[in-house]
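Participant: What follows is each chain in one-letter form.
Protein chains: 2
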Amino acid sequence: MAARIAVMEPAERNITLKEIGERGWLSILENKLGKKISGNLLVPIGDDAAVFHFPQEKKLVITTDAMVEGTHFYRHWLGWRGLASRAVLAAASDITAMGGIPLGFTISLGVPGDVLARDLERFADGLLEIAEQYGLDILGGDTVGSPHLFVDVGVIGCAAESRILRQQGACAGDALWVTGTLGRSHAALIKAQLLDEGKADLDDPCWRPPDRWGGLEAIRCALPLRAMTDLSDGLARDLGKILRNKPIDARIELDHIPVDPFTREVASKLGRDPAELAYIGGEDYELLLVEAGDSFQQTELKTEGMALHRIGKIHPGAGKVHLLREGESVRITDPLFEHFRT
Amino acid sequence: MAARIAVMEPAERNITLKEIGERGWLSILENKLGKKISGNLLVPIGDDAAVFHFPQEKKLVITTDAMVEGTHFYRHWLGWRGLASRAVLAAASDITAMGGIPLGFTISLGVPGDVLARDLERFADGLLEIAEQYGLDILGGDTVGSPHLFVDVGVIGCAAESRILRQQGACAGDALWVTGTLGRSHAALIKAQLLDEGKADLDDPCWRPPDRWGGLEAIRCALPLRAMTDLSDGLARDLGKILRNKPIDARIELDHIPVDPFTREVASKLGRDPAELAYIGGEDYELLLVEAGDSFQQTELKTEGMALHRIGKIHPGAGKVHLLREGESVRITDPLFEHFRT
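Chains as they are written, first to last, in my numbering: chain R, 50 to 391; chain H, 50 to 391.
Extracted from the complex, chain R is given alone in its bound form (with noise of 0.2 Å):
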């Protein structure tokens, strides 16, 4: 193995971080991410704090998402390269949420001692090439020795004040849409932890979330919107944030929930309706839209690059969210959404 390595990789990488050092990371990171992908960015890592330059007239979009080894991944579903990417594209999901544009990140890293170097290589590979990608600035990162391995990403990005979105001031008579398909994320966490069938791809598409802020001045267009949220926790859960403390209720057409076909193979594997796995699904990071008004015949809108399927509508009501599968009302009794509800 060690033979096989050597060839794959320079042999002094075969090495762990314990043995390398705090110093001897901090070099490789420095040399691998103390790159200005924009010009915005003044000073990159590798001094006290990074600094950038804020465009004028926007407003500052900031948020912050961790992910724990154990609680939302195991490195070895995703691979690290993986783990970086989606990291960094989950925490992003906020911004656009929120109707703005990533400008860059932040990345925080516990790792235990005996994780090889080469392997945070990878890690460092990864963020970059999401850098590269999407523009996307590094601005900084702390490099942590601990037991678990976690990670944890702020993203800072910008909006004018007109283009913000709250999840709130959905009105009786709004349509919902969402962006892409859903259930993907759901239906790969359940065929790598239920249906036995060995490891899940690493660097499998699945795993990646969507970049959908390229979209947001498209859907702008085709859609009137009055709220957005990003779909992270899932459909059933999302729902509550825009029904939250507001004299309306959601019905939602399982019908007309666009599936992911990856979802469906899992589905008919497990004997489950497909849009139930796709409601109760989490960490999608598609976009959950709420129209203002309700003007469209059609259930689909190709916008560029993307579709939005209107997945249901906002009524009056008491914060409840009521499904429907062809027009009839239908309760959905997975332990799993039972859960979510309480």
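Simulated from the structure, these hints should not be mistaken for lab results.
You can trust all of the hints, since none of them are fake.
Since the list gives no way to pick out one identical chain from another, each pair is judged satisfied if it fits inside one copy or across any two copies.
Simulated pairs of lysine-lysine, BS3-like, Cα-Cα distance not exceeding 30 Å:
(1) Lys295 - Lys369
(2) Lys295 - Lys85
(3) Lys84 - Lys107
(4) Lys107 - Lys85
The model shown is predicted, which means the values in this text are computed figures rather than measured ones.
Keeping the supplied structure of chain R fixed, place chain H upon it in accordance with the hints.
Facilitator: Structure of chain H alone, referenced to chain R:
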């Protein structure tokens, strides 16, 4: 014990995070922390992301700093309020070290399920106390289940471009100064770990990093500054940031290092030189200042609310530190110091 707690706290708070659930905890957090400290916070926590009015004409300074229980602290050393204040002020120190003023912070908390909700409330109280005391907006957070307790704080601040001070830039002939006194945090660590005098006091001010950004303008008036960093890893290591890859050495006069009285007390119990402890010890979060030149006869300057001490000078060299005691060259053979040198 339960009865006593019931008297001290509402009985319903004597439950674990696991029992209260993520939603329960989030509503406590939003009630406590969803405040606008400054008029610049347009959307506080509780939505997908926070929205902040960043001051025009200023540059954005950003950093992140993670602390893990067992690696950086134990909760019984700091207490929950102390943990909150230490985490935020330690991260804010990096903003000061760039010449910036902190404006707000995000906080990610990884927390075992058996932590009591009322302890987390104390943590939230600690965050709010620091936010209100220093006028810092709370810009978001994430609470996730984790087998080990960790805290990751992101801080944003601002600085005029002309006011930014890098770590590097020191020239031969420049004098080196420090703010405040050194050693206190290291002495507290030794006391808690080695001297077996019981647990460190909860909320002991020795664990609370100083807030040096308030004195930054006074320092600039007193000293022409060429470079700056904060003393997070200890003077012994942090000097390396100033010297790294430059043809300069530092000569440090151990007698001139301002040693905290508590550190003198601990050093005396250990039979150690207090100045050596102060030189080696980390986490003081004081500032290490490089004067542009060497224009003062005295070794102490009083600025508004703070003393500055001249501890040494930059000479031509190769990135090394030379220690002097009463003008004679000395070496510190402390095992901890040797570890830092590798």
